[in-house]
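Below, each chain spelled out in residue letters.
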Amino acid sequence: MKNNQDYKNIPGWGMDADPENEPTYPIKNWTGDDHNRTNYERSEQQQDTVEILISNERPAITRVYGNTAPPSGLSGMIRRYAFKNSEDRYRHWIPLILADRVNVIEGLVEDALHGHLPNMFKERGWKVEMQHNPKKMIAKLTIGSLLVTAGITWLIRRQK
Amino acid sequence: MLAMNYRGPYRVRTVDKPMPEILHPEDAIVKVTRTCICGSDLHLYHGMVPDTRVGSTFGHEFTGIVEEVGPLVKNLKVGDHVLVPFNIACGKCNFCKQGLYGNCHESNPMATAVGGIFGYSHTAGGFDGGQAEYVRVPYADVGPTVIPPDMDPDDAVLLTDVVPTGYQAAEMGGIKEGDTVVIFGAGPIGIMAARCAWFFGPARVIIIDHIDYRLEFAKNYAKCEAYNFKEMADPVVFLKQTTDWYGADVCIDCVGCEAEGNTLQTFSGRVALMQAGAATAFQWAVNSVKKGGIVSVVGVYGPPFNLAPIGNIVNKGITLRANQASVKRLLPKLIDHVQSGRLNPKGLITHRIPLAEVSDAYRLFSSKLDNVIKTVLVP
Ligand SMILES: [Zn+2]
Ligand SMILES: [Zn+2]
Numbered sequence: 001m002k003n004n005q006d007y008k009n010i011p012g013w014g015m016d017a018d019p020e021n022e023p024t025y026p027i028k029n030w031t032g033d034d035h036n037r038t039n040y041e042r043s044e045q046q047q048d049t050v051e052i053l054i055s056n057e058r059p060a061i062t063r064v065y066g067n068t069a070p071p072s073g074l075s076g077m078i079r080r081y082a083f084k085n086s087e088d089r090y091r092h093w094i095p096l097i098l099a100d101r102v103n104v105i106e107g108l109v110e111d112a113l114h115g116h117l118p119n120m121f122k123e124r125g126w127k128v129e130m131q132h133n134p135k136k137m138i139a140k141l142t143i144g145s146l147l148v149t150a151g152i153t154w155l156i157r158r159q160k
Numbered sequence: 001m002l003a004m005n006y007r008g009p010y011r012v013r014t015v016d017k018p019m020p021e022i023l024h025p026e027d028a029i030v031k032v033t034r035t036c037i038c039g040s041d042l043h044l045y046h047g048m049v050p051d052t053r054v055g056s057t058f059g060h061e062f063t064g065i066v067e068e069v070g071p072l073v074k075n076l077k078v079g080d081h082v083l084v085p086f087n088i089a090c091g092k093c094n095f096c097k098q099g100l101y102g103n104c105h106e107s108n109p110m111a112t113a114v115g116g117i118f119g120y121s122h123t124a125g126g127f128d129g130g131q132a133e134y135v136r137v138p139y140a141d142v143g144p145t146v147i148p149p150d151m152d153p154d155d156a157v158l159l160t161d162v163v164p165t166g167y168q169a170a171e172m173g174g175i176k177e178g179d180t181v182v183i184f185g186a187g188p189i190g191i192m193a194a195r196c197a198w199f200f201g202p203a204r205v206i207i208i209d210h211i212d213y214r215l216e217f218a219k220n221y222a223k224c225e226a227y228n229f230k231e232m233a234d235p236v237v238f239l240k241q242t243t244d245w246y247g248a249d250v251c252i253d254c255v256g257c258e259a260e261g262n263t264l265q266t267f268s269g270r271v272a273l274m275q276a277g278a279a280t281a282f283q284w285a286v287n288s289v290k291k292g293g294i295v296s297v298v299g300v301y302g303p304p305f306n307l308a309p310i311g312n313i314v315n316k317g318i319t320l321r322a323n324q325a326s327v328k329r330l331l332p333k334l335i336d337h338v339q340s341g342r343l344n345p346k347g348l349i350t351h352r353i354p355l356a357e358v359s360d361a362y363r364l365f366s367s368k369l370d371n372v373i374k375t376v377l378v379p
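Taken in order, these protein sequences are the chains called F and D. Under our numbering, residue 160 is the last one in the first sequence; the count climbs by one each step, no gaps. Under our numbering, residue 379 is the last one in the second sequence; the count climbs by one each step, no gaps.
Everything labelled a hint here was simulated from the structure, so no lab data went into it. The C-beta atom is built at its ideal place from N, Cα and C for all residues, glycine as well. One should not assume that every hint holds.
Below, a sample of chain F positions facing chain D; criterion: calculated Cβ distance under 7 Å [said to hold, decoys possible]:
1) I10
2) G14
3) M15
4) I54
5) D100
6) G107
7) K122
8) E123
9) N133
With these hints in hand, go ahead and build the complete structure from the sequences.
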């Protein structure tokens with residue numbers, strides 16, 4: 001179907017073309033306010049209920065924000081460090097990625113403390129993988145169990 | 001209330017969460033009627049986006065019924081059925097006033113590069129998302145839009161992200177009559193971008209992906225040419241050859257950070273996390289566009305660092321256009337396109353899954369099983 005000869009019959013063909021906008025649309029709606037920068041009428045301030053980490057590229061908190069999953073534990077300490085550095089820095093992003101991994105372990109601990117054993121099979125959606133992609137799933141499980149077996153064997157040998 | 005809950009890479013479940021509350025006088029609480037899983041949710045699901053905290057609820061595409069409004073909300077009333085744009089925008093800052101609702105300066109304290117987005121990590125403001133029975137909607141007078149009575153809610157929910165993002169991808173391409181447009185990625189956004197590209201009058205729209213069922217879907221839905229790059233020795237050479245060895249007029253990256261197709265990019269970006277995902281699609285876009293052409297990017301790239309071919313952007317004089325879609329700016333035009341029948345967003349929906357089965361829904365979409373294109377979760 002190289003060169004669709006009927007393209008002009010496609011519903012809506014060409015109707016939104018606006019050559020005056022070329023090449024950089026969408027042209028932002030020019031208001032003349034650009035040089036007022038951050039001097040504008042603001043909404044009311046949302047009241048703090050939990051600890052919020054704020055980018056050091058802005059002087060204050062925004063008028064609204066999400067208050068879910070406040071920083072806590074070891075991952076929270078790493079996140080607090082990350083936010084001392086700007087969004088330009090590896091020192092901001094790499095610690096955040098690290099904190100995310102630590103946070104996963106904290107989540108498992110938290111589950112355990114609440115007497116909840118996560119159902120890994122369900123949480124990972126393996127049922128649906130098994131249903132539609134059994135070959136890959138079986139290969140994955142086989143490789144996984146081989147690795148685990150190899151690891152255990154190695155550990156046992158080492159202990160002897 | 002029931003809500004999706006992130007536990008770590010590839011691990012999500014539904015939990016019983018406390019009801020969201022009005023935290024600001026311009027908030028509303030919305031009872032979710034439809035919510036989608038988006039391709040960009042997969043970047044969170046795979047653990048690619050920094051500051052994705054365990055316990056978060058994802059979901060930035062949803063419609064719902066207004067359950068409660070804060071004292072300063074004027075435009076919405078309890079009982080309204082609304083579609084909620086994925087960007088959280090104050091409507092008052094200088095970016096919102098210019099129509100750049102995706103770049104609001106008053107909705108995300110955690111980062112300055114991106115505005116607030118529902119359920120999209122603390123890097124995007126730490127808001128809980130709509131994959132739940134209820135959700136807190138800040139600045140309720142700005143984003144939420146009452147669904148026209150004659151509109152199917154399935155169409156409405158796709159107007160929260162997929163349609164505007166696809167449309168803006170095409171719009172930012174500055175497509176002119178007779179142009180050849182190449183779209184990388186045949187996910188829901190790429191397919192929608194291909195369909196919307198026709199509104200700007202091109203002669204050819206080409207979509208590139210590596211999964212045959214998605215290409216087949218794109219060809220039928222968007223009436224475009226569709227090619228599998230796995231069957232090509234080199235996609236850039238293929239695109240040059242099919243454009244008389246000239247290059248495409250416009251290239252659109254609808255893939256983002258988890259692209260397939262380049263070993264070095266895959267290793268450094270997705271395995272070693274040395275850069276923010278694999279920038280393969282972007283690299284192909286820059287190298288396949290003509291000199292002086294336009295590259296439009298709506299694919300999501302993580303915040304840290306990318307091996308972007310900046311040298312070729314300079315040498316080729318490429319205009320690079322990229323943004324999160326400013327949903328609210330585009331809604332009037334897009335609602336008109338849907339109501340007139342020129343666009344059929346719900347045609348993308350292939351699966352409808354109860355919210356309680358969210359783990360399976362994520363896996364289905366992530367592993368691209370059962371010919372999935374777009375999944376709607378129903379609370
Ligand atoms: Zn989305
Ligand atoms: Zn704003």
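Hint by hint, here is what the structure shows:
1. Restraint check, I10/F versus chain D: the minimum CB separation of about 5 Å is within 7 Å; hint holds.
2. Interface hint at G14/F: satisfied, since its Cβ lies 3 Å from the closest Cβ of chain D, which is below the 7 Å cut-off.
3. Contact between M15/F and chain D, as hinted, is supported at the beta carbon level, the nearest pair being about 6 Å apart and thus within 7 Å.
4. Hint status for I54/F: holds, given a least beta-carbon distance of 5 Å to chain D, under 7 Å.
5. For D100/F, the interface hint holds, the least distance from its beta-carbon to any beta-carbon of chain D being 6 Å, beneath 7 Å.
6. Satisfaction of the interface hint for G107/F is found here, the shortest Cβ-Cβ separation to chain D being roughly 4 Å, below the 7 Å cut-off.
7. A distance limit of 7 Å between C-beta atoms decides the matter here; for K122/F the minimum to chain D is near 6 Å, and the interface restraint holds.
8. Interface restraint check for E123/F: the shortest CB-CB distance to chain D comes to about 4 Å, inside 7 Å, so the restraint holds.
9. Given the 7 Å rule on beta carbons, the hint for N133/F holds: about 6 Å separates it from the nearest Cβ of chain D.
Checked against the numbered hints above, the structure violates none of them.
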